[in-house]
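Student: Hey, can you work out the whole structure from these sequences and the hints?
In the working numbering, the protein residues as written are 886 to 964.
Everything labelled a hint here was simulated from the structure, so no lab data went into it.
Be careful, since some hints might not be right.
[To be verified] In silico BS3-like links for lysine-lysine, alpha-carbon gap of 25 Å or less:
no., residue 1, residue 2
1, Lys921, Lys949
2, Lys949, Lys928
3, Lys919, Lys949
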Amino acid sequence: MDAKAAADFLTLLWNCWSSRNNRIFMDNKDSARKTKPPTGVIKINFDAMVSNGRMGYGVIARDKDGFVVGGSGGLKSVQ
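Tutor: Set out below in structure tokens:
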């Protein structure tokens, strides 16, 4: 793991720990909430990764009730 990845990972861990402590000791709740899209709108989520000479992606489309209406994904070797 390079220095930037290690720093990002440690920052993630610290944020998780801080959020946990705020919730337990200060009764603070995060404002982030999942929201349903309006009727007739499709929500699309996309994710990608690159690791050890490979890259991959995934896409999923859902309606307002969370029903999967489509999706795709793939892997590719990169040089």
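Student: State for each hint whether it applies.
Tutor: Now the hints, each set against the structure:
no., hint, verdict
1, Lys921 to Lys949, "holds (5 Å)"
2, Lys949 to Lys928, "holds (8 Å)"
3, Lys919 to Lys949, "holds (11 Å)"
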